[in-house]
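K.L.:
For reference, the chains in residue letters:
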Amino acid sequence: MVRANRVVEISKTLSEILVCPLSKQPLRVCEKSNSLISDAIGVSFPIVDGIPCLVPKDGKIIEAEVSRDGDSANTKRRYHQDGTGGS
Amino acid sequence: MAVLQFSFPPVAGNTRRRHQICASADRQALFSRIAPVYDNLNDVFSLGQHRIWKRMAVSWSGAKEGSNVLDLCCGSGDLAFLLSEKVGLHGQVIGLDFSREQLMVASSRQRSRSKACYRNLKWVEGDAVDLPFPDCHFDAITMGYGLRNVIDKYKAMKEVRRVLKQGSKASILDFNKSTDGFRTSFQGLIIDNLIVPVAAGYGLSEEYQYLKRSIQEFLTGEELEHLALEAGFSSAKHFEVGGGLMGNLVATR
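Sequence order for the protein chains is A and B. Letter by letter, the first sequence follows residues 0 to 86 of numbering that gives the first Met the number 0. Letter by letter, the second sequence follows residues 0 to 252 of numbering that gives the first Met the number 0.
Don't take each hint at face value.
[Stated by the list, open to error] Within a straight-line C-alpha distance of at most 27 angstroms, the following computed DSS-like cross-link-like pairs (lysine-lysine) qualify:
no.	chain 1	residue 1	chain 2	residue 2
1	A	Lys23	A	Lys56
2	A	Lys59	B	Lys154
3	A	Lys11	B	Lys114
4	A	Lys56	B	Lys236
5	B	Lys154	A	Lys23
6	A	Lys56	B	Lys114
7	B	Lys211	B	Lys236
Rather than coming from a laboratory, the hints here were simulated on the basis of the structure.
Between the sequences and the hints, there should be enough to build the whole structure, so can you do that?
P.N.:
In structure tokens, the structure reads:
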């Protein structure tokens, strides 16, 4: 899927493997903020140029309201442009 | 000893240098500063021998076609690229490092190379003591010239063990802290009279002076074996390579 902006998404394979570096619980991709969310500890980790930044100090504590908004349709797994597609 | 004359532009960056590079953040900054010239200097200092030692490290890891592997402290990606070729398109390689600048170099090298197998290679910015991977996930792990720079080595070894599958190996290559006085002196001579002066040509003499201190503070082969066993590995063996200047720990979960 072609995107107009410069956000480089991480691959589906990678996003399914990664866990929160602190809680070791699964992460979810947030398309809106281009980040990986650890719901277990309420922290988001940025994705920069397609590279997930999961050093603990890279994490930002997210507000409860933003966390709830993140559960809406905007929070979907995004797949890299590898021809297999995704939503 | 002949003095090698090099003429290079100094590396741009922060001009303030700390005298003692001890905190993790300091080491992260150090590796980010040397990122632009890291590969070239590795070739110069080891006369290209580091490529052989890294191939040996990959071999010892047990990685094979189709394996799911992790290269820790991957830096600019030397070991990760070797692993990528080894595991092929049906395997997967993740290279993890705490320096974004080193990962940018690695990613750039990946884009400039045409081998199809490099599609199996992904980069993650992370900390070796807090790995963002589930338990029992990898068929093999490598770490090249990384453990010596980790402040909490025990915690890192615990994490390596945690994410390894049962029976799989971690292959950890680094400088050898020798118990042999002659070798230790020889290592020191090389660093003081070759490595630091050449690094000074890039404006990086303090960064490479850190190298000597880090080897002095590192563990001997026997101590590394003991550390691995303490961290829960079922077996651990340290091999000296490069005439005893380098060592490779092989630890099995």
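K.L.:
Tell me, in ascending order, the numbers of any earlier hints that this structure violates.
P.N.:
Hint check: 4, 6 fail, others pass.
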